[in-house]
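Since the structure of chain A is provided, determine the placement of chain B on it from the hints.
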Amino acid sequence: MDVDRDRERELTADQRRAERAAAVAFTVAILAGIGLFVVYFAGGQTQLEGVLFCLVLGGLGVGVALWANHLLGAHEAVEERHELTSGAEGREAFGHALAEEVGPTLARRSLLVKLLAGAGGALGLALLLPVLSLGPAPGNTLKRTSWQRGSRLVDETGRRITLNSVPEDGFITVFPEGHEGEADAQALLIHVPKGLLQLPPEKLAGVPEGTQVAYSKICTHAGCPVGLYRATTRSLLCPCHQSQFNVLDGAKPFFGPAARPLPQLPLGVDAQGALIALGDFDAPVGPAFWDRGKK
Amino acid sequence: MSMVIERSLKYLDERLGTASFARRALRKVFPDHWSFLLGEIALFCLVVLVFTGTFMTFFYNPSVREVVYDGPYKPLQGQEVSAAYDSVLRLSFEVRAGLLMRQVHHWAALVFIAAIVIHLCRIFFTGAFRRPREVNWLIGMALLFLALGEGFTGYSLPDDLLSGIGLRIFYSVTLAIPVIGTWVTFLLFGGEFPAGDIISRLFVFHIMLLPALLIGLVVLHIFVLVLQKHTQYPGRGRTQRNVVGKRLWPEQTFKSIALLLLTTAVLALLGGLAQINPVWQYGQFRPFDVTSPAQPDWYIGFLDGALRLGPPWDLNLFGYTISEVFWPAILFPGIAFGVLTLWPWIERRFFTKDYAEHHLLDRPRDAPARTATGTAGLMVFFIMFLEGGNDIFGVLLNVSVEAITRTLQWSLLVAPVVTWLVTFWVCRSLQRSRAHPARITAGLRLRRTAAGGYETAPLEPTSNPE
Numbered sequence: 000m001d002v003d004r005d006r007e008r009e010l011t012a013d014q015r016r017a018e019r020a021a022a023v024a025f026t027v028a029i030l031a032g033i034g035l036f037v038v039y040f041a042g043g044q045t046q047l048e049g050v051l052f053c054l055v056l057g058g059l060g061v062g063v064a065l066w067a068n069h070l071l072g073a074h075e076a077v078e079e080r081h082e083l084t085s086g087a088e089g090r091e092a093f094g095h096a097l098a099e100e101v102g103p104t105l106a107r108r109s110l111l112v113k114l115l116a117g118a119g120g121a122l123g124l125a126l127l128l129p130v131l132s133l134g135p136a137p138g139n140t141l142k143r144t145s146w147q148r149g150s151r152l153v154d155e156t157g158r159r160i161t162l163n164s165v166p167e168d169g170f171i172t173v174f175p176e177g178h179e180g181e182a183d184a185q186a187l188l189i190h191v192p193k194g195l196l197q198l199p200p201e202k203l204a205g206v207p208e209g210t211q212v213a214y215s216k217i218c219t220h221a222g223c224p225v226g227l228y229r230a231t232t233r234s235l236l237c238p239c240h241q242s243q244f245n246v247l248d249g250a251k252p253f254f255g256p257a258a259r260p261l262p263q264l265p266l267g268v269d270a271q272g273a274l275i276a277l278g279d280f281d282a283p284v285g286p287a288f289w290d291r292g293k294k
Numbered sequence: 000m001s002m003v004i005e006r007s008l009k010y011l012d013e014r015l016g017t018a019s020f021a022r023r024a025l026r027k028v029f030p031d032h033w034s035f036l037l038g039e040i041a042l043f044c045l046v047v048l049v050f051t052g053t054f055m056t057f058f059y060n061p062s063v064r065e066v067v068y069d070g071p072y073k074p075l076q077g078q079e080v081s082a083a084y085d086s087v088l089r090l091s092f093e094v095r096a097g098l099l100m101r102q103v104h105h106w107a108a109l110v111f112i113a114a115i116v117i118h119l120c121r122i123f124f125t126g127a128f129r130r131p132r133e134v135n136w137l138i139g140m141a142l143l144f145l146a147l148g149e150g151f152t153g154y155s156l157p158d159d160l161l162s163g164i165g166l167r168i169f170y171s172v173t174l175a176i177p178v179i180g181t182w183v184t185f186l187l188f189g190g191e192f193p194a195g196d197i198i199s200r201l202f203v204f205h206i207m208l209l210p211a212l213l214i215g216l217v218v219l220h221i222f223v224l225v226l227q228k229h230t231q232y233p234g235r236g237r238t239q240r241n242v243v244g245k246r247l248w249p250e251q252t253f254k255s256i257a258l259l260l261l262t263t264a265v266l267a268l269l270g271g272l273a274q275i276n277p278v279w280q281y282g283q284f285r286p287f288d289v290t291s292p293a294q295p296d297w298y299i300g301f302l303d304g305a306l307r308l309g310p311p312w313d314l315n316l317f318g319y320t321i322s323e324v325f326w327p328a329i330l331f332p333g334i335a336f337g338v339l340t341l342w343p344w345i346e347r348r349f350f351t352k353d354y355a356e357h358h359l360l361d362r363p364r365d366a367p368a369r370t371a372t373g374t375a376g377l378m379v380f381f382i383m384f385l386e387g388g389n390d391i392f393g394v395l396l397n398v399s400v401e402a403i404t405r406t407l408q409w410s411l412l413v414a415p416v417v418t419w420l421v422t423f424w425v426c427r428s429l430q431r432s433r434a435h436p437a438r439i440t441a442g443l444r445l446r447r448t449a450a451g452g453y454e455t456a457p458l459e460p461t462s463n464p465e
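First to last, the sequence lines map onto chains A and B. The opening position of the first sequence corresponds to residue 0 in numbering that gives the first Met the number 0, with each subsequent residue numbered one higher. The opening position of the second sequence corresponds to residue 0 in numbering that gives the first Met the number 0, with each subsequent residue numbered one higher.
No lab work stands behind these hints, which were simulated from the structure alone. We put the CB at the ideal spot given by N, CA and C, even for glycine. Take these hints with a grain of salt, some might be off.
[Claimed, not checked] From the structure, some residues in chain B lie toward chain A, with a derived Cβ separation under 10 angstroms: (1) D12; (2) K27; (3) D196; (4) V243; (5) P249; (6) P327; (7) I329; (8) V400.
[To be verified] Listed next, the stretches of chain A that the computed footprint assigns to chain B, with coverage defined by at least 3 CB atoms under 8 angstroms from CB atoms of chain B: (9) 76–87; (10) 92–103; (11) 136–147.
[What the hints assert, rightly or not] If you want the ones that stay clear, here's a sample from chain A, every Cβ over 12 angstroms from chain B, calculated: (12) D13; (13) R15; (14) R108; (15) A116; (16) G123; (17) T161; (18) G169; (19) E176; (20) H190; (21) T210; (22) Q263; (23) D281.
Looking at chain A on its own, in the form it has when it is part of the complex (with noise of 0.2 angstroms):
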């Protein structure tokens, strides 16, 4: 007994050395763990609470790998390997199992499993139609919008627009009235200086003045709100994937990945100088779908 408490005393000053820093580590949490405690009931703060966290779980760590490293003596062990397979005869030995097991009885009753199979193929068929419950047939759903003939241009907070409402050079996100915030049916309205629109006659005929121009403010790309609008180069920009539409020129694609132009929104003014839709986009709005180009 004496003698084993003497060999644990010859220690040396590598481990001494583990031994001291190790419970200068454990010191170290102890007291941040009593800090973690002062901090949490005096109300809490998350830079502090980090940090003693830290030093509570670092310095158990740091004292494990100490212990690990320095004080348990490596000893290098080798484990032989076993071989993983059954080997032939195993095999061999399965496979008769089978044969003379598994396979007579099912050949004994061949009507009975083909029946067994299908009514388990209708009962698979059967479990997965509830998945169809999960979301409505997409229809049309995806070429329309709330924009009509005779929509009202409204901002997000419903507030009516204008022939002024937008000063030149200015733009402005606009809804159908009813329908403020709808994802689909937002649209930027611009105003350009006449005379720059470069539009073929029936489309032109849906720019009020040849200057209040709308097209939808969802990228054709991959749907992101086409944010950002340069009056310098009269582009639209989308911050998501940085497609570029040429304003002046149908919203057309000239620079990023996007394929398509942005829908234009045909406009017409009403009675009272109000803008209002001459109809639905031109096309569908947002990224591409498979049957995107059916009726």
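Frame of chain A, contents of chain B only:
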């Protein structure tokens, strides 16, 4: 005390036969090399994620019902926000230690996926996936995908502006799946974006479906590892038939506990001091708002970059549309992760014709084609990751994003090829020189002769793997 332990051990052994199993388990040998700890770091992050995540579920409210915020954060007081966003603000500002828990959780998620990726690289570049470990390679790949899914679903839960835009992009990506995309999207989201169901559905995915699969597969991953035993680096006394290293008890147990504590300590420090995902600054999600610059968490960066790099090509097939989003966000990741998943079979079929069992690891230089392919693949992901930050680099370097995008588009064509060739050449040179890349010695070694003069001595090869 020892009487109690002895009796309970006897009780268990008589009923379950635990003694011999436990004895074998305690004597299991772990190779003593730092690169074998990468998977453990991932595991310990998962432990932290489960604890901090469970804490947060007691406060989080997965609902997009509108409420008026009346908490202590002044800029948002009186604003209509979703109940989900409101509950995250309350957790951050009003629950004691709530913000710490949230930030530790977010940091743990980032480190979790980083550890998985580096662990994956270690397995790949040392050929640890070779027979008989292909099954565990597949389980590992599934774990990577589940971890990415966990990351993305969790990131979207606060219903803040930044994650809402991320969700919008994800919606556009699923819409771009040919033929069934529209249906898949409507079933997943519950209708056209932003259908009200998506936040509560993501929550179920994030805290139940994905974690159940993840934890189940982690257990299986470790079970197969124990069954097949560790691989090891070649060295003195190490053969195909043995494992040399430290036993589970006591050395590896101490080491693993220390690593668990230190990993958690680092995460606690990050969570306490390094602000992450300050959702109150982004504001609540509104479908017509957008922020710039906008970056997702690092592990989605490559996909965001791929979307920015992608060509503006949509395709019209008999009136049906293939979206321009299809190429970078579905086809590219499909091919890249497909090749990676099937790599053990691709390598042996087309490169090595090596069907033998391997328990000794390659050094990366020993398999130049594999190493070159791996680094070229990493280069592809790295370029896309860079492009994901093109707006930030544009501001930092005072260069237009257009120039950065064009440069990286060309790099994507050239850099992987160059990387492949250079890596291949470096591997071959290292094979010849037998030098350790981290310990290349230059110059001459001089030796004093008995006569008092000097002569040059040959440099000893330092390629002894430890």
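Here is what the structure says about each hint:
{"no.": "1", "hint": "D12", "verdict": "violated (23 angstroms)"}
{"no.": "2", "hint": "K27", "verdict": "holds (7 angstroms)"}
{"no.": "3", "hint": "D196", "verdict": "holds (8 angstroms)"}
{"no.": "4", "hint": "V243", "verdict": "holds (5 angstroms)"}
{"no.": "5", "hint": "P249", "verdict": "holds (6 angstroms)"}
{"no.": "6", "hint": "P327", "verdict": "holds (7 angstroms)"}
{"no.": "7", "hint": "I329", "verdict": "violated (12 angstroms)"}
{"no.": "8", "hint": "V400", "verdict": "holds (5 angstroms)"}
{"no.": "9", "hint": "76–87", "verdict": "holds (count 6)"}
{"no.": "10", "hint": "92–103", "verdict": "violated (count 0)"}
{"no.": "11", "hint": "136–147", "verdict": "holds (count 4)"}
{"no.": "12", "hint": "D13", "verdict": "holds (17 angstroms)"}
{"no.": "13", "hint": "R15", "verdict": "holds (19 angstroms)"}
{"no.": "14", "hint": "R108", "verdict": "holds (34 angstroms)"}
{"no.": "15", "hint": "A116", "verdict": "holds (26 angstroms)"}
{"no.": "16", "hint": "G123", "verdict": "holds (18 angstroms)"}
{"no.": "17", "hint": "T161", "verdict": "holds (21 angstroms)"}
{"no.": "18", "hint": "G169", "verdict": "holds (17 angstroms)"}
{"no.": "19", "hint": "E176", "verdict": "holds (16 angstroms)"}
{"no.": "20", "hint": "H190", "verdict": "holds (19 angstroms)"}
{"no.": "21", "hint": "T210", "verdict": "holds (23 angstroms)"}
{"no.": "22", "hint": "Q263", "verdict": "holds (18 angstroms)"}
{"no.": "23", "hint": "D281", "verdict": "holds (16 angstroms)"}
Going through the hint list in order, the structure does not satisfy hints 1, 7 and 10.
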